[in-house]
Amino acid sequence: MQLRSGPRKLFNAIEPNSTRKWETKDQSGFYVIPYVISADYGAKTSTITAAMQSIAENTCIRFKARGNEPDYVEIQNIKGKGCSAFVGHSPGSNPVMLENNSEATCLRHDLVIHELLHVIGLWHEHQRIDRDKYIQVIYSNIAPGEQHKSQAGWEDIIGTAKEPSANDYRKVCLAYGCQTCMGNKMS
Numbered sequence: 001m002q003l004r005s006g007p008r009k010l011f012n013a014i015e016p017n018s019t020r021k022w023e024t025k026d027q028s029g030f031y032v033i034p035y036v037i038s039a040d041y042g043a044k045t046s047t048i049t050a051a052m053q054s055i056a057e058n059t060c061i062r063f064k065a066r067g068n069e070p071d072y073v074e075i076q077n078i079k080g081k082g083c084s085a086f087v088g089h090s091p092g093s094n095p096v097m098l099e100n101n102s103e104a105t106c107l108r109h110d111l112v113i114h115e116l117l118h119v120i121g122l123w124h125e126h127q128r129i130d131r132d133k134y135i136q137v138i139y140s141n142i143a144p145g146e147q148h149k150s151q152a153g154w155e156d157i158i159g160t161a162k163e164p165s166a167n168d169y170r171k172v173c174l175a176y177g178c179q180t181c182m183g184n185k186m187s
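Following full-length UniProt numbering, the residues of the sequence shown are numbered contiguously, the last one being 187.
Heads up, some of the hints might be wrong.
[Said to hold, decoys possible] Computed list of lysine to any residue pairs in SDA-like fashion (alpha-carbon distance at most 25 angstroms, straight line): (1) K25 with K64; (2) K21 with S84; (3) K21 with M182; (4) K185 with G29; (5) K21 with I37; (6) K185 with W22.
These aren't lab readings, by the way, just hints derived from the structure by calculation.
Required output: the full structure, derived from the provided sequences and hints.
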């Protein structure tokens, strides 16, 4: 199977020339995102590293433990902060909130991938800039205080809390110009 990488609009991913794209590459041409886990997750740290490995196996993105890089992902466990991340790269620390305590946890493989895909540059499908051409959002059906999460073009959150789809990985591959995607050569 070959995947096309020609010009197309990425409606829920950063554009290939975006300043929000991570730019550092290793000697093999993979994009490298340094990270630090600034909380003790104990044995559940393996959930985070397994999610990073899933992304690496399907895209040209590699996560590596931070050395002295000025721009990096900082995985934090702050009670009451839930699961969240901003979309794309910013200078300095790029926090990824993965709350884990007796009351709440974000340490599920699918949720960790979800938040890491945000920091790579994807946001939710229901927030595509063109979504109003296809659906009508009935804001009165949305819980008070949560309406902002359903605004089109709002770039702070990604699709469902399920395993990423082939399309999610393909959007990353297109945005970053990967040579291969999900084990297939891009053409």
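Any hints this thing doesn't respect? Which numbers, in order?
none
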